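Chemist: Dock chains B and C against chain A, hints included.
Chains as they are written, first to last, in this note's numbering: chain A, 690 to 874; chain B, 119 to 765; chain C, 464 to 573.
The hints are simulated quantities; they were obtained by calculation from the structure and are not laboratory data. Predicted model, so just to flag it, every value in this text is computed and none were measured. There's no promise every hint is true.
[Stated by the list, open to error] In silico lysine to any residue, SDA-like type, Cα no more than 20 Å apart, as pairs:
#	chain 1	residue 1	chain 2	residue 2
1	C	534	B	139
2	C	534	B	324
3	C	534	A	690
4	C	534	B	231
5	C	534	B	313
6	B	544	B	579
7	C	534	B	333
8	C	534	B	329
9	C	534	B	314
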Amino acid sequence: MVPLHPQRCADEPDLLRWVIPADLLDSVGVVAAAPPPLAGLLADGTLAELRLEPAAVVTRLGPRRSWIDQGPRVRGALHAALGEPDGWHVLPDSGAWAGEAVLRTLAQQLLDGPVGQFAAAHGGRIDLVEARDDVVTVRLAGACNGCPAARSTLHGQLERRLRQRYPALRAVVDEPTRSIRPAPR
Amino acid sequence: MSSSCHESGQPAAPMTQLPQVALVGAPNAGKTSVFNALTGLNAKTGNYPGVTVSRFAGTCRVGDRRFAVEDLPGSYGLDPVSLDEQVLVDALDGNGMRAPDALLIVVDATTLRRSLGFVAQVLARGLPSCVVLTFTDELLRRQGAVNVDALSQALGVPVVAVVGHRGHGLAELREQLLDWRDWPTPVIPPPVDPGERDAWVESVLSYAGYRAAQPHGHTRRLDAVLLHPILGTVVFFAVMVLFFQTVFTLAAPLQGGVEAFFGVLSGWVSVHVTNPWLSGLLGDALIGGVGGVLVFLPQIMLLFLLISLLEGVGYMSRAAFLMDRVMGRAGLEGRAFVALLSSFACAIPGIMATRTLPSARDRIATMMAAPLMTCAARLPVYVVLIGLLVDPTATFGPFGLQGLVMFGLYLLGAVSAMLAAWAFKKFGDRRGQPTPFYLEMPPYRLPAPRAVLLAVWGAASSFLRKCSTIIVATTMVLWLLLNLPLHSTEQLQAAGVDTADSAAVSAHVVDHSYAAEVGRLVAPVFDPLGFDWRINVGVLSAQSARETFVATLGQVAAAEDPEEPGDALRAMTYSDGPRAGQPIFTAPTIAALLVYFAFALQCVATVGVIRRETGTWRWPLVAFGYLTVTAWLLAYLARTVTAVFVG
Amino acid sequence: MTSRTFEQGTDGRPGAEARHGDRPRGEARCGERTLADLTPSATAQVVSVSVPGSPAVARRLADLGFTPGAKVRMLRRAPLRDPLIYLVKDYEICLRRAQASCVNVVAVDR
Numbered sequence: 690m691v692p693l694h695p696q697r698c699a700d701e702p703d704l705l706r707w708v709i710p711a712d713l714l715d716s717v718g719v720v721a722a723a724p725p726p727l728a729g730l731l732a733d734g735t736l737a738e739l740r741l742e743p744a745a746v747v748t749r750l751g752p753r754r755s756w757i758d759q760g761p762r763v764r765g766a767l768h769a770a771l772g773e774p775d776g777w778h779v780l781p782d783s784g785a786w787a788g789e790a791v792l793r794t795l796a797q798q799l800l801d802g803p804v805g806q807f808a809a810a811h812g813g814r815i816d817l818v819e820a821r822d823d824v825v826t827v828r829l830a831g832a833c834n835g836c837p838a839a840r841s842t843l844h845g846q847l848e849r850r851l852r853q854r855y856p857a858l859r860a861v862v863d864e865p866t867r868s869i870r871p872a873p874r
Numbered sequence: 119m120s121s122s123c124h125e126s127g128q129p130a131a132p133m134t135q136l137p138q139v140a141l142v143g144a145p146n147a148g149k150t151s152v153f154n155a156l157t158g159l160n161a162k163t164g165n166y167p168g169v170t171v172s173r174f175a176g177t178c179r180v181g182d183r184r185f186a187v188e189d190l191p192g193s194y195g196l197d198p199v200s201l202d203e204q205v206l207v208d209a210l211d212g213n214g215m216r217a218p219d220a221l222l223i224v225v226d227a228t229t230l231r232r233s234l235g236f237v238a239q240v241l242a243r244g245l246p247s248c249v250v251l252t253f254t255d256e257l258l259r260r261q262g263a264v265n266v267d268a269l270s271q272a273l274g275v276p277v278v279a280v281v282g283h284r285g286h287g288l289a290e291l292r293e294q295l296l297d298w299r300d301w302p303t304p305v306i307p308p309p310v311d312p313g314e315r316d317a318w319v320e321s322v323l324s325y326a327g328y329r330a331a332q333p334h335g336h337t338r339r340l341d342a343v344l345l346h347p348i349l350g351t352v353v354f355f356a357v358m359v360l361f362f363q364t365v366f367t368l369a370a371p372l373q374g375g376v377e378a379f380f381g382v383l384s385g386w387v388s389v390h391v392t393n394p395w396l397s398g399l400l401g402d403a404l405i406g407g408v409g410g411v412l413v414f415l416p417q418i419m420l421l422f423l424l425i426s427l428l429e430g431v432g433y434m435s436r437a438a439f440l441m442d443r444v445m446g447r448a449g450l451e452g453r454a455f456v457a458l459l460s461s462f463a464c465a466i467p468g469i470m471a472t473r474t475l476p477s478a479r480d481r482i483a484t485m486m487a488a489p490l491m492t493c494a495a496r497l498p499v500y501v502v503l504i505g506l507l508v509d510p511t512a513t514f515g516p517f518g519l520q521g522l523v524m525f526g527l528y529l530l531g532a533v534s535a536m537l538a539a540w541a542f543k544k545f546g547d548r549r550g551q552p553t554p555f556y557l558e559m560p561p562y563r564l565p566a567p568r569a570v571l572l573a574v575w576g577a578a579s580s581f582l583r584k585c586s587t588i589i590v591a592t593t594m595v596l597w598l599l600l601n602l603p604l605h606s607t608e609q610l611q612a613a614g615v616d617t618a619d620s621a622a623v624s625a626h627v628v629d630h631s632y633a634a635e636v637g638r639l640v641a642p643v644f645d646p647l648g649f650d651w652r653i654n655v656g657v658l659s660a661q662s663a664r665e666t667f668v669a670t671l672g673q674v675a676a677a678e679d680p681e682e683p684g685d686a687l688r689a690m691t692y693s694d695g696p697r698a699g700q701p702i703f704t705a706p707t708i709a710a711l712l713v714y715f716a717f718a719l720q721c722v723a724t725v726g727v728i729r730r731e732t733g734t735w736r737w738p739l740v741a742f743g744y745l746t747v748t749a750w751l752l753a754y755l756a757r758t759v760t761a762v763f764v765g
Numbered sequence: 464m465t466s467r468t469f470e471q472g473t474d475g476r477p478g479a480e481a482r483h484g485d486r487p488r489g490e491a492r493c494g495e496r497t498l499a500d501l502t503p504s505a506t507a508q509v510v511s512v513s514v515p516g517s518p519a520v521a522r523r524l525a526d527l528g529f530t531p532g533a534k535v536r537m538l539r540r541a542p543l544r545d546p547l548i549y550l551v552k553d554y555e556i557c558l559r560r561a562q563a564s565c566v567n568v569v570a571v572d573r
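Only chain A is shown next, with the shape it has when bound in the complex (with noise of 0.2 Å):
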């Protein structure tokens, strides 16, 4: 069986991301053909739209249906459909929406949004200098060079939010290489 579990997207709650192995469906797109066992929930409008993205699935929900009910019977058509994914037929996203744009596009919103502003309130600033084969480098300006504080600002913020719409990332490192690993608390 293939290894998935669903997230939820931050604000739009009857959208589920279910994460799947980065290399099992590579296409990003709405997907137009479905294995039948989710082809039958897109059918009987338990299932309203039905994405791919890098390592993930992201499926709406059809009104007036909540993730409770039908989300186990959309787990299991998940389960079945992955086991076959030469029946999936995805509508490729044009230019901007291909693999690598996707994380650079997700990075650099979160540096010019919330975590940008979070720098900025402590008198620092982060770079993005590239997004390849999902590991996103920054640069750390101003205060947040030789911070302390700077590398729990960088993974707490920016890797958890960017890991939430984007699951293949693997890293957010600063460069030249630091890798952020996970702190003994």
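Modeler: Coordinates of chains B and C only, in the frame set by chain A:
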């Protein structure tokens, strides 16, 4: 509701009004140290209603808010296979007790791959839950890794990493407790189907960047020796000899100290309280009774110190592994070995040590067997009786015959204990299904001093609190029976007793006490064993504690021949009845007495501690009944057989 | 429901506990191996767990990590050849032969 009766001593706000937080987790996950860290010394031990399963509850204070915290029985899953696990499920369901409001799921980070299956089962119940991840320091040390935040995201519930013995993460855990009403819950409960559950576990682990710990090098190297078929067995017996020596020998001077202290105390009372009867009641009954309780403390504390050290290090699982096959013959499992071994010193710490057994059925069977092991209190009785029975110069091959008889009695105790355990396991409680045996082999760890001290303190305080009243009360009653009715000096002189000779007075008082009346009353019962009423009084007074028998017989004998009490005993004859004039202490009678003492449950403290550990009067009564009946039957058999041989 | 499963097993295996120490009962089918047949340091993969008459015990073995597909390595035997220690799901667990013989396995290459 029903839980309130167990927390009757709770001060201030009743516990039932506080939010109830329960700890669940596998037996080795570090649940107890998290519980201890949260509750400190505010924990109380009790029993779940109607079952022999201990209940640990306490309160935890965070700022100005308090929580009732309960440490539920450990388990690897929520499909119960033992009584204890049934209690866990009933507690989660609120079946017969109040259901918890929130759960702390304690998980050992080094066994995460297995433990998440348990987490899935608990989360599926839908209670607000927080995962407490323990041993993260060990995971990192053994080159493992896990991202706590990612794990929390994947599980959909808060995750707090706690290193119990260092106190890391405890502040964060307390903070989390404050928010228990707002804890996120999984958007979909984890799957129930085993295949889907395995897939869920693997996915969560990979999302959390989990890398399993490398095998622990020290553990591998130590186990190569300690679990080696030959070396391991040698080391095991060496450890057990040391263990036994410590509980038996090291405790002796401490116990002597306690006895001496109470001896001085009661001496002081007899000097300063002039009314002889009152001084007897205070000095002998009350102070003697309290002393009789406290005298067990050194042994209990030493035993629990050693047990919790061995447990904390991880050797206890190894000992159980080595002994399991042998104990399996008696229907028990390896872990019961330590409890039975400690009972050689004293059944009381032995019975308390059954707490380490995970199955209630095994605990009962071990408790029923423990009083048969030859405890230290039987030793003086055996010494006196064997001295009467066997010529000290007699030998059998290279061995002295006295020593061989003594060894035989120890062997008799051990064998009958195993038989009793087997019988209770087989015929005892047929409702429960046999518990399958499985035992986690944790890596060797340094025990946390705090946990060890808390275990010792917990054992000592629960023994003192719960047993002292029972034991002291029974001692008082026995003393009253032995010393009432009152005899005035005139009455004594009228009876021809030299009132200046205290031994003669006490012999007379005992001879004419209610206990003596009872002794004569039960004469028909003990007559077939060859006991006369004086032995009956001794046996009855030994009912509070066996060594009293020697003192009582000594008193009686000393009254007749103060120079040579041994000769007096040997010369003692039946004073009435068909055997009047014949000597009492013949070989058949002594054999009957020895066997009677080997089997009978003549120890108030043991009865009290069984009551305390099982939470009901049923088991102490069963133990008392079956041991007394067995003692009588086998004593009769011993007398008959010996009579045939001696002629 | 849970309390039912607790009692179900009683009917199926009366006195099974007393026979623990003896050799596994003849439930291992021919040709298929069980965990009890492994020699120290051999590795195998779990195929199924079957405990006749006691579904709760079967589920418990699964809870302990013996799920289909799991890799198990036999580590050592006790001096009297029972019980046995296995490495499964990154931890060490000791089982009696009676339980180990309920776990059907196939050998795998290391």
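Chemist: Indicate, hint by hint, whether the structure satisfies it.
Modeler: Structure-based check of each hint:
1. A threshold of 20 Å between alpha carbons decides the hint, and for residue 534 of chain C with residue 139 of chain B the separation of about 36 Å lies outside it, so the pair is violated.
2. Taking the CA atoms of residue 534 of chain C and residue 324 of chain B, the gap is near 18 Å; set against the 20 Å cutoff, the hint holds.
3. Between residue 534 of chain C and residue 690 of chain A, the direct Cα distance comes to roughly 16 Å. Compliance with the 20 Å bound is thereby established for this hinted pair.
4. Annotation: proposed proximity of residue 534 of chain C to residue 231 of chain B holds, straight-line Cα distance about 12 Å (limit 20 Å).
5. Pair hint residue 534 of chain C plus residue 313 of chain B holds up; C-alpha atoms about 15 Å apart against a cutoff of 20 Å.
6. Restraint check: the Cα-Cα separation between residue 544 of chain B and residue 579 of chain B comes to about 34 Å, which exceeds 20 Å; the hinted pair is violated.
7. For the hint linking residue 534 of chain C to residue 333 of chain B, the alpha-carbon distance of about 15 Å falls within 20 Å, and the restraint holds.
8. Simply put, residue 534 of chain C and residue 329 of chain B have alpha-carbon atoms about 16 Å apart, close enough for the 20 Å limit, and the pair holds.
9. Note on residue 534 of chain C and residue 314 of chain B: the hinted pairing holds, with a Cα-Cα distance of about 18 Å set against a maximum of 20 Å.
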